[in-house]
Amino acid sequence: MPLNCKHLLGLEGMQKEDINSILDTATSFREVLDRPIKKVPTLQGKTIVNLFFESSTRTRISFELAERRLSADVVNFSADSSSVKKGETLKDTARNIEAMKIDMVVIRHSAPGAPHFLSNVINSVIINAGDGSHEHPTQALLDMYTIREKFGKLDNLKICIVGDISHSRVALSNIYGLKTMGAEVAVCGPATLIPRYIEKLGVTVFHKIDDAIQWADILNVLRIQLERQDRVFFPSLQEYRKYFGITKERLLKSGRDVTIMHPGPINRDVELSADVADSKYSLILQQVLNGVAVRMAVLYLLGTRS
Amino acid sequence: MQYLLKNLHLIDPQEKIDTLADILITDGVIEKIGTRISGNKNIKEIDLEGSFAAPGFIDMHVHFREPGFEYKETIETGIHSAANGGFTAVCPMPNTNPPVENEALVRWLIDQSKQIHDGIVDLYPIAAVTKGREGKELAPMLELAEAGAVGFSDDGSPVENAEVLRRALEYAKMTSRLIIQHAEDLNLSKGGVMNEGFVSTSLGMQPIPAASEESVIARDLKLVEYLMAPYHIAHISTSGSVDLVRNAKSKKLPVTCEVTPHHFTMSDEMVRSFDTNTKMNPPLRSKDDLEALKEGLKDGTIDVIASDHAPHSFDEKQVEFLFAPFGIIGLETAIGLALTELFHKKILTIQQIIEKFSINPRKILNLPKIKIAEGERANITIFNLDIEWIVDIEKFKSKSKNSPFHGKKLKGKPVAVFNNGQLVVSDL
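Line by line, the protein sequences are chains D and L. Position 25 (the first sequence) corresponds to 24 in numbering that gives the first Met the number 0; numbering is contiguous. Position 402 (the second sequence) corresponds to 401 in numbering that gives the first Met the number 0; numbering is contiguous.
It is worth saying that the hints were derived from the structure and are not from the lab. Among the clues, some could well be false.
Said to hold, decoys possible - Facing chain D, according to a computed beta carbon distance under 10 Å, are these residues of chain L, among others:
#: 1; residue: LYS189
#: 2; residue: VAL192
#: 3; residue: GLU195
#: 4; residue: PHE197
#: 5; residue: SER201
#: 6; residue: GLY203
#: 7; residue: THR275
#: 8; residue: ASP314
#: 9; residue: LEU321
#: 10; residue: PHE325
Ideal placement from N, C-alpha and C gives every residue a C-beta, glycine not left out.
From just these sequences and the hints, can you work out the full model?
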C-alpha cells in the first residue's frame, strides 16, 4: 500500500497504517538479505544522494547498502569534503545537486528541522537520517521492527529509553512511533538529561535505573557523550556508570528477563557493560541487520510512490 | 503649504479629546480645528471619513542597522517603513557597527533622519550603556545625552554585571534618561533557539527558559529599588516578568516595560513550522505567557507597545532554523496587529492603544508632549479601525521582508502620518 506521505521527515504524526506498511515491507526485504545474491532491481534508474552534514558510520553505510541493494544509483556527499566549508548554504547545495536530476535525498544534519526546510526548497523526496536532537525516524522504525520480530507485537509492550534524552533524536522518534503503535514508553536518566515537559508526550519518567528495569520489557539504551560534562549536565562518567549504567549484575539482581537495545555506537563500560552488550539480553546486532531491510522498505515505498 | 484633513475622529486621551472634526494645517502648524472647515484650490484637501487621528505614534525599539549593516536596513528605508506603518518617531537601538557610543554618531543619526522626506519621522537615538556594548566600562553618557540620545541600552545583549548596571543606573539618573535592559541570563539561554516548553521538547530544539529573562529582571529590580533610578525593560515576554513588574510598580519603583506585537500575537506553537521568521529573541513564548502579556497590557503593567523591528536579509533567513539570525521586522504590522489582537478582541480601548503607542513612550523617554490643538505643530498618526487587509511583504518599505505575518488578515490599519509639515499616506 502506498504511503500517505511524500517524504519521511519524522514519525511525529505519521499514521499507524504507514508504520505498519513500512514494517511489513521490511519483512520481505529482510528475506532478500539472507539470499546469496542480496540485490533486487526495484529502484533501478533512480538516483539517490546521501547528504551527510554530520559524521556517521553505521547510518550512512546502512543507507548506502540499502540503496545499492535496491539497484539505485548512489552519490555520497559528506560535509567535511564539501562546499559547505566554503560557506555555501544548505539551500544552494541542495538546489545545485538537484539540478543534476536526482530523485531522492537522504539527509543527516545537526539542525532540527533541516530536512523539513529542504522539503520546502527542493522537489526531491527527502528522507531524514537524523536532524539534530529532533528525529531519526529510520532508527526508530528499525527498533520497532526488531521489537516486533522478537515479541510478535508492539502494543502493550513496555519500552524504557535510557540515557541522554535531551540530546537524542533516537528518543523522540521512538517515543512518537511507539506511542502510535500502542506501546507504553518511559524514559530514564539524570534530570539534567531529560527535557522538561516530556511527560506531556505520554511518557513516564524514571530517575532510578532499577525502577526502570523493574518496569520495562525492553531497555533502549542511548550513548552518553562525555562532551555533555562541559555544560554541567552530569558530574562524571564514573558517577553516571554507577547510577545509570546497565550491568549484568544489575539485571540478574532484578530477576527480570529484560531485552537490551542500543542504537550505537556503544560507550562500553559507561552506559552498557560488555557482559550485557554481547549477551543473550542484547538485540544490538539484529538492530543493525534489520536497519538495512527497514531502510530498503522506506526507500522502496517512497521511491516508487508516484 | 496648507492641508485640510476632513472628517477625522480626533482622539487624545491626555487632553480628553474625543470628537469629530476637520483639521487645517498651515506650514506644519495646526491653524484650525473645527467642523465643516471649507477649503479652496490652494489647499490640499483629503477626506478621511471613518479614520481616527491621534498624537503621533512612536516606536521606541527599532533596529535600523546603519552604520554597518546597510544591506539589511538603512536610516532611509527604516524611516520610510516607519511612516508607512503609521509612526512619526522612532528610537533606533545602538547595536550597529560601530555601535552608537559617541556624540558624533548620535548627531549624525539625527542629521541623517532630517534629510529623509524632510524629517517626516523624528529619530531619537538610544545610545550604548557600555563601551562596545561589552558590559564592562560605561559609555560617555553625559556627552551622549547632550548630543541627543534619549536613553541607553546594550540591546541585543544584557548589561550582565550587576555592578556595571548599578553604576549605569546612577549615572543615567543624572541625565534624566532611562537604562533600557535587554533582560537575558546568557548562561541560561546559551545555545537556545526557542522557548523552553512542550514545543521545544517535541521538536528537540535547544531551549531558552523563561527564567533567563525573569532572573535578570528580579535582580535588576533590587538595584532599582535601592537606587530609585528609572529603568525600562525591553521586549518583556513571560508571565513571570509581568508579575515582577506588576509587583515593582505596586511598590512605586520607577520601572516601565514594553511588549512587542509578535509576543502578544503568536505562541511557540508557531515554531513547529520551522519558519525562521518565528525565531526571535526573546523567543515566542507559551499560550499562558501570551495571556499574561495581554493581562499586563490591560491593567497597565505593560506601558508600551514597541516593535523590536529587526531587519535581516532574505538569504540570512533562508537557512536552517538553528543557524538563522534572531528577529523579525515589525514597523509595518505593529498597528494592524495591535488593533486586531487588542482592540477588536476587547483587551484594550482605543484610548489605551494610543497611550501605549504615543503617550506613554514619550513620557518614559521625557520627550515633549504632543497635542492636537490649534497653534501646535501637527504631529499626527491617522488610522482606521475597520479596514480589513491582508499583510503583503511586497508593500513594505523596509529593505527586509522577514515577517511571519505575510498573508495574515488584519482588521484596522495605519492610514497616514503628518509630521514636520509632511504628509505620508500609507501604501500598505
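Status of the hints after comparison with the structure:
{"no.": "1", "hint": "LYS189", "verdict": "holds (8 Å)"}
{"no.": "2", "hint": "VAL192", "verdict": "holds (8 Å)"}
{"no.": "3", "hint": "GLU195", "verdict": "holds (6 Å)"}
{"no.": "4", "hint": "PHE197", "verdict": "holds (4 Å)"}
{"no.": "5", "hint": "SER201", "verdict": "holds (7 Å)"}
{"no.": "6", "hint": "GLY203", "verdict": "holds (4 Å)"}
{"no.": "7", "hint": "THR275", "verdict": "holds (8 Å)"}
{"no.": "8", "hint": "ASP314", "verdict": "holds (7 Å)"}
{"no.": "9", "hint": "LEU321", "verdict": "holds (4 Å)"}
{"no.": "10", "hint": "PHE325", "verdict": "violated (15 Å)"}
The structure is inconsistent with hint 10 alone, although it conforms to all the rest.
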